[in-house]
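Residue numbers (this note's numbering), protein chains in the order written: chain A, 4 to 194; chain B, 39 to 577.
Derived from the structure by calculation, the hints contain no laboratory data.
Hints may contain errors.
Stated by the list, open to error - Listing some non-contacts, in silico: residues in chain B with all C-beta distances to chain A over 12 Å:
| no. | residue |
| --- | --- |
| 1 | G143 |
| 2 | H169 |
| 3 | V171 |
What the hints assert, rightly or not - Label-pair distances were calculated between CB atoms; the ranges are:
| no. | chain 1 | residue 1 | chain 2 | residue 2 | range |
| --- | --- | --- | --- | --- | --- |
| 4 | A | G106 | B | K457 | 55 to 63 Å |
| 5 | B | T41 | A | G106 | 51 to 59 Å |
| 6 | B | R160 | A | A181 | 46 to 54 Å |
| 7 | B | P158 | A | A181 | 24 to 32 Å |
| 8 | B | G516 | A | V118 | 23 to 31 Å |
| 9 | B | R277 | A | C130 | 17 to 25 Å |
| 10 | A | V98 | B | G205 | 46 to 54 Å |
| 11 | A | C130 | B | Q53 | 55 to 63 Å |
| 12 | B | Y540 | A | C130 | 52 to 60 Å |
| 13 | B | A93 | A | A181 | 39 to 47 Å |
| 14 | B | P158 | A | V118 | 27 to 35 Å |
| 15 | A | C130 | B | P158 | 23 to 31 Å |
| 16 | B | E224 | A | V98 | 43 to 51 Å |
| 17 | A | C130 | B | T41 | 50 to 58 Å |
For glycine and all other residues, C-beta sits at the position ideal for the given N, C-alpha and C.
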Amino acid sequence: MKIVGHNLTTKESFYFFEIAKGLWITSRHFIYNMYFHIAHLLGKYPEVPAAVTVQYPEEKVPLSRRWRGRHRINARPDGSPRCVACMLCETVCPVQCIHIVAGEHPDPAIEKYPVSFEIDVTRCCWCGMCEEACPVDALYMDTGKSPEPGFSREDLLYRKEQLVKEMPLPGCQRSLNAPGQGPMEANPLGL
Amino acid sequence: MPTLTIDDQQVTVDQGTTILDAAKKLGISIPHFCYHPRLTKVDACRMCLVEVKDAPKLVTSCSNAVRDNMVVFTGTPKVEEARKSILEFILINHPLDCPICDKAGECKLQDYYFRHSRQPSRFKDYKVKKHKVVDLGATMVLDSERCVVCSRCVRFCKEVAGEENLGIFNRGDHSEIGTYPGKKIEHNYQGNLADICPVGALTAKDFRFKCRSWLLCKVDTICPGCSNGCNAVVHFTLRSFDGIKGQRVFRLTPRENNDVNKIWLCDVGRWGYSFIDSIDRLTTPALKKGEDFVKSDWDTVLRETASGLKTVVERYGPSAIGVIPSPHLTNEDLYALKCLFSCVLKVTNIDFKLPGLDKGEGDKLLLKADRHPNTRGAELLGLSGTGLSAEAMMEKVKTGEIKALYLVGSDPVKYIGEKAEEALSRAELLIFQGTNFNASCKLAHVILPGATFVEKEGTFTNYQGRLQRINKALEPLGEAQADWEIFTRLGKRLGSYPSYKYAEEVFKDMAREVAPFTGLSYQKIGPQGIKLTLPEGKS
Chain A
4 MKIVGHNLTT KESFYFFEIA KGLWITSRHF IYNMYFHIAH LLGKYPEVPA
54 AVTVQYPEEK VPLSRRWRGR HRINARPDGS PRCVACMLCE TVCPVQCIHI
104 VAGEHPDPAI EKYPVSFEID VTRCCWCGMC EEACPVDALY MDTGKSPEPG
154 FSREDLLYRK EQLVKEMPLP GCQRSLNAPG QGPMEANPLG L
Chain B
39 MPTLTIDDQQ VTVDQGTTIL DAAKKLGISI PHFCYHPRLT KVDACRMCLV
89 EVKDAPKLVT SCSNAVRDNM VVFTGTPKVE EARKSILEFI LINHPLDCPI
139 CDKAGECKLQ DYYFRHSRQP SRFKDYKVKK HKVVDLGATM VLDSERCVVC
189 SRCVRFCKEV AGEENLGIFN RGDHSEIGTY PGKKIEHNYQ GNLADICPVG
239 ALTAKDFRFK CRSWLLCKVD TICPGCSNGC NAVVHFTLRS FDGIKGQRVF
289 RLTPRENNDV NKIWLCDVGR WGYSFIDSID RLTTPALKKG EDFVKSDWDT
339 VLRETASGLK TVVERYGPSA IGVIPSPHLT NEDLYALKCL FSCVLKVTNI
389 DFKLPGLDKG EGDKLLLKAD RHPNTRGAEL LGLSGTGLSA EAMMEKVKTG
439 EIKALYLVGS DPVKYIGEKA EEALSRAELL IFQGTNFNAS CKLAHVILPG
489 ATFVEKEGTF TNYQGRLQRI NKALEPLGEA QADWEIFTRL GKRLGSYPSY
539 KYAEEVFKDM AREVAPFTGL SYQKIGPQGI KLTLPEGKS
């Protein structure tokens, strides 16, 4: 490997002009930011941004429509999960974080339902394959929320009772069926 | 012997062979639903149509016998078009609920659709609604909507199980399978209905919704349900959280073996696997302290056992030890046991024949009265009749002449009753080695957990004297170990004992020492088993 050096010009070899140039850039940004921060405090020029830093958590970056956040389960009109416990999400999950126990539903038209549905978010890698695999419009990752920290592993095990209550982020909803509303439209099973 | 050409390949088959069987011989698979090699042919599904040169129309390959110089084409555009149309016809009223269907992944309709059709439905009308979740009996559930009316189940009940209670009702696209009014399926071969059903119409209650078929691993084994030794495949999962918590084995399905079970498996054997993961499995070695069992480790327990047996032999001689093995054990386990007790400790009181061992209820097809897979093997190894009988041992334990009793998977309390319970409670040293807790285990002083048939390698000898292999599918539950392994560890503490590392080594020694097994090896036994040349008077 050859390291290509940069031969300094005569002006650069004095250093003084280069230091002055650097100081000028720094002070320009400092004065500009300070001026507009103070102006914002006084209620002036609100449309002109000051520093580029996002003041999280007071301020949030707008999420992409495709952003994958915490999971939710779409609900039927009666509030029960649309999940039919087909275990396709469990099968496709590359980190095996979804655990389903299926049971016989009293309604023969539904037939199969999840007795328990758990997502272990400590293992989840947020790949979104479960969302894609779901054949019955049940599992989505469009809540727009990040996982909350918990004090125990139990806190980070999301169960169906909790998942079914989550709502999609307005504008980001990927299901054609709003949770708990209307008949199923995009559902090959017709359930 | 007619010679015919199928897809440009020549084959010579017996007179009367069907085109489908001849093609199978060449490795060409022709799709079919209603045809089953062990049932009569009905021509119901029309899926197996092939083109025969000079025939005016396509012919069904499952029912047409071959002729000399016949020229058959199985993959011409005409045949493919016919298959596509038949599949489209079948799928008109099919509910397409593959995500919740237990058959998904091993469904013929699914496979054929992807292989031969792959077209969206053109049917715009409403599908015919039929009965779903129909209870057909103690073990079967019917979903008429999924049914393709191939009538395999109807023929199976009539021809194999000999019980006519299933039939096809109504006509056209309303036809559905059902039991005759007021009847249920009652025979002992119901599980086979789920196997032969090409779609998910008939599902077993036992397996229903427990696990998806693609998550299951499969290993060849032998059904331990009775002395018939039916060839089976054990379906299990290695992912601990699949299905119901802690369940590892989900079902047994039959494996074809013309000499033993044809292609069937009875319900007693099929659903007899539950003891493998049941709550009463012995998983840790334990010692009795006072009234309770205290969990221990292998070293302590083996030390206790070895010193206990040694003391008894030194003080009272080897005749004060009795051993009752169970014919549930493999030949390897029994040989290791025989080595330990007859060769190392010189014990003669070994008898596996508890009274009433073969008093189950058998039937004419597969199920035998003797519900133990290796009774014949135990007989051939000479584990009976060398000393006292098991019943006599009980008497001697009661009178105090036998001080130590070693039970290997056997349950004298179950077979002999209260008398045995009284005797066992008087034993000075009672060692129980086995897989599950039982009434005799309750009285034991030392518990050694053993491995079940899916957790170890080995061989079983069935009632005909056919030697067949079982394979290890899973690691033993908890700290349990294969029985031959326990005997090896125990043998090392008691005297000079060969250090076996694999079941195959035990078998090699057995093949050298025991007459009927001479010259055999695991390779020679193969997947289908091998018939032993039995000494005269024993066949």
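Evaluated hints:
1. With a cut of 12 Å on Cβ distances, B:G143 falls inside the contact zone with chain A, its closest approach being about 10 Å.
2. With a least CB separation of 8 Å from chain A, B:H169 falls inside the 12 Å interface cut-off, contrary to its annotation.
3. Its beta-carbon lying about 4 Å from the closest one in chain A, B:V171 breaks the requirement of being farther than 12 Å from that chain.
4. A:G106 and B:K457 have their C-beta atoms about 45 Å apart, which leaves the hinted 55 to 63 Å range violated.
5. At roughly 57 Å, the beta carbons of B:T41 and A:G106 sit within the given window of 51 to 59 Å.
6. The supplied range of 46 to 54 Å is broken by B:R160 and A:A181, whose beta-carbon atoms lie about 32 Å from each other.
7. The hinted window of 24 to 32 Å between B:P158 and A:A181 holds, with their beta carbons roughly 28 Å apart.
8. At about 26 Å, the CB distance of B:G516 to A:V118 agrees with the hint of 23 to 31 Å.
9. As the Cβ distance of B:R277 to A:C130 is approximately 19 Å, the hint placing it in 17 to 25 Å holds.
10. The hinted window of 46 to 54 Å between A:V98 and B:G205 holds, with their beta carbons roughly 49 Å apart.
11. The supplied range of 55 to 63 Å is met by A:C130 and B:Q53, whose beta-carbon atoms lie about 60 Å from each other.
12. Checking the proposed 52 to 60 Å range against B:Y540 and A:C130 shows it is violated: the Cβ atoms sit about 42 Å from each other.
13. As the Cβ distance of B:A93 to A:A181 is approximately 59 Å, the hint placing it in 39 to 47 Å is violated.
14. Between B:P158 and A:V118 the C-beta distance comes to about 34 Å, which sits within the given range of 27 to 35 Å.
15. For A:C130 paired with B:P158, a C-beta distance near 29 Å keeps the hint of 23 to 31 Å intact.
16. Checked against the hint of 43 to 51 Å, the C-beta distance between B:E224 and A:V98 comes to roughly 47 Å, which is consistent with it.
17. Taking 50 to 58 Å as the suggested C-beta distance range, the pair A:C130 and B:T41 conforms, at roughly 57 Å.
Of the numbered hints given earlier, the model fails hints 1, 2, 3, 4, 6, 12 and 13; all others are met.
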